[in-house]
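Q: Throw the hints in and build the complete structure from the sequences for me.
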Amino acid sequence: MERKLTTAADIIIIAAAAAVCAAFIIFPAVKDSAGSGTAVITVDGSEIMRLPLDKDTEVEIDSLRYPLTVTVKDGRAAVTECGCPSGICKKTGYVGRNGETVICLPNRLIIEIVSDEKNGADLTVG
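One gets our numbering by counting positions in the sequence shown from 1 and adding 701 to each.
Calculated from the structure, these hints are not laboratory results.
Watch out, some of these pointers could steer you wrong.
For each label pair, taking beta carbons as the anchor points, the in silico distance ranges come out as [to be verified]:
no., residue 1, residue 2, range
1, S747, T793, 17 to 23 Å
2, G794, T708, 39 to 45 Å
3, F725, E761, 35 to 41 Å
4, S764, I789, 17 to 23 Å
5, P786, V760, 17 to 23 Å
6, A718, G794, 25 to 31 Å
7, P786, D755, 31 to 37 Å
8, M750, K792, 18 to 24 Å
Yeah, the Cβ is synthetic: ideal placement off N, Cα and C, and Gly gets one too.
A: Written out as structure tokens, the structure reads:
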């Protein structure tokens with residue numbers, strides 16, 4: 702007597718597991734502290750401005766070697782326009798959780814999210 706490789710029960714279990722995985726991809730976890738913090742922008746280690754994440758804002762910074770635009774939208778911050786050669790800062794996308802950063806090396810600019818809320822980590826090893 703031969704056993705079938707896949708039965709109806711196997712197909713149901715596989716479909717249920719795929720549905721759960723798809724739900725986690727389509728509907729990501731809670732946004733943690735997005736929107737409740739501040740985007741602190743520094744150049745060469747000196748703070749140049751703070752942007753609250755609870756107010757949509759767009760700021761052009763023309764005083765840098767490569768001018769760029771910082772956008773705060775929906776509780777997150779990003780570099781949305783930049784003139785630097787690599788554009789890695791723009792490719793980083795939006796950040797909104799405590800401790801997340803966007804870094805533009807050619808401009809020596811850092812955008813760091815600062816918040817009183819926990820970032821979701823249960824344990825820090827240091």
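Q: Each hint needs a verdict: does it hold in this structure or not?
A: Each hint tested on the structure:
1. S747 x T793: 17 to 23 Å: Check passed, 21 Å falls within 17 to 23 Å.
2. G794 x T708: 39 to 45 Å: 44 Å, holds
3. F725 x E761: 35 to 41 Å: 37 Å, holds
4. S764 x I789: 17 to 23 Å: Roughly 20 Å apart at Cβ, these two residues keep to the hinted range, so it holds.
5. P786 x V760: 17 to 23 Å: Given a distance of about 22 Å, which is inside 17 to 23 Å, the answer is holds.
6. A718 x G794: 25 to 31 Å: 29 Å, holds
7. P786 x D755: 31 to 37 Å: 34 Å, holds
8. M750 x K792: 18 to 24 Å: The hint (18 to 24 Å, Cβ to Cβ) holds, given that M750 and K792 are roughly 22 Å apart.
When held up to the earlier numbered hints, the structure conflicts with none and fits them all.
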